[in-house]
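J.: What follows is the residue order along each chain.
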Amino acid sequence: EPEVTQTPSHQVTQMGQEVILRCVPISNHLYFYWYRQILGQKVEFLVSFYNNEISEKSEIFDDQFSVERPDGSNFTLKIRSTKLEDSAMYFCASSEAQRFYEQYFGPGTRLTVT
Amino acid sequence: GNSVTQMEGPVTLSEEAFLTINCTYTATGYPSLFWYVQYPGEGLQLLLKATKADDKGSNKGFEATYRKETTSFHLEKGSVQVSDSAVYFCALSATGGSNYKLTFGKGTLLTVNP
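Residue numbers (the numbering used here), protein chains in the order written: chain A, 183 to 296; chain B, 15 to 128.
Source of the hints: derived by calculation from the structure; they are not laboratory data.
Errors might be hidden in some of the hints.
What follows is a set of in silico ranges between Cβ atoms, one per label pair, in the way DEER data are often shown [to be verified]: (1) A:D244 <-> B:Q59: 26 to 34 angstroms; (2) A:Q280 <-> B:P128: 36 to 44 angstroms; (3) A:T195 <-> B:S93: 41 to 49 angstroms; (4) B:P54 <-> A:D244: 28 to 36 angstroms; (5) B:A31 <-> A:Q193: 38 to 46 angstroms; (6) A:Q223 <-> B:A67: 26 to 34 angstroms.
Now the stretches of chain B that chain A is said to cover, found in silico as 3 or more residues with beta-carbon under 8 angstroms [as the list claims (entries may be wrong)]: (7) 54–60; (8) 117–124.
The beta carbon of each residue, even a glycine, is placed where N, CA and C say it ideally should be.
Okay, chain A solo, but in the shape it has when bound (with noise of 0.2 angstroms):
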């Protein structure tokens, strides 16, 4: 069964440095979103990417964040300068266009700044 997978499962990082966390989508899906969770907290939405834009971003997705789809199977969070807050897991998922509600997650990264 096709799944979302993501790379690495765990990273640590110290404060200013820049992460990127990957995910490989389900093939044939064309939506795709970032969340994450804060450890005991909810799990909330970062960004949404169709047809190769940002099609919604909450307001925690500031300018230190950034996405990318480089090629055709990669999709990339980009956390040009971390701060303690960040550390969290972080999720991706991927829906096909007919059936956007149905959002596939990968495993979760969780990044830790210190």
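Got chain A sorted already, so can you dock chain B onto it with the hints?
T.: Positioned in the frame of chain A, the structure of chain B alone reads:
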């Protein structure tokens, strides 16, 4: 804005017990409602959904009915198994436009003991 409130966990049950996890929502318009499940070490999986009032979503013995009058979508299962131990998330997706993001509740940890 949209929001989802679900009962605080953790919930601990014995095998074959009846499960209810309460979920209420606040949204403009007519959202679609979902339950996602996260097994240990895995990503979020769509468990069931309902896209309009009075719809009942069901899967793997779990059920939830979209109640517009009480703005609720409570998850139920008649007889839980040890393998149902996981974190359960209630979520909604607003309809219309390109607003496909999911708004999640905080999650409820369920532990089923043999």
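J.: Do at least three Cβ atoms from the stretch 54–60 of chain B come closer than 8 angstroms to Cβ atoms of chain A?
T.: holds (count 6)
J.: Check the following: the C-beta atoms of A:D244 and B:Q59 are separated by a distance inside 26 to 34 angstroms.
T.: holds, 30 angstroms
J.: Given the range 38 to 46 angstroms, decide if the beta-carbon distance of B:A31 to A:Q193 lies inside it.
T.: Cβ of B:A31 to Cβ of A:Q193: about 39 angstroms, so the range 38 to 46 angstroms holds.
J.: Kindly confirm whether 26 to 34 angstroms is satisfied by the beta carbon distance between A:Q223 and B:A67.
T.: Given range 26 to 34 angstroms: holds, Cβ gap about 30 angstroms.
J.: Is it true that the C-beta distance of A:T195 to B:S93 lies inside 41 to 49 angstroms, as the hint says?
T.: holds, 45 angstroms
J.: May I ask you to test the hint 28 to 36 angstroms on the CB atoms belonging to B:P54 and A:D244?
T.: holds, 32 angstroms
J.: Count the residues of the stretch 117–124 of chain B whose CB lies closer than 8 angstroms to any CB of chain A, then report whether that count reaches three.
T.: holds (count 5)
J.: May I ask you to test the hint 36 to 44 angstroms on the CB atoms belonging to A:Q280 and B:P128?
T.: Once the Cβ atoms are compared, 42 angstroms apart, the range 36 to 44 angstroms for B:P128 and A:Q280 holds.
In terms of the numbered hints stated before, the structure departs from none.
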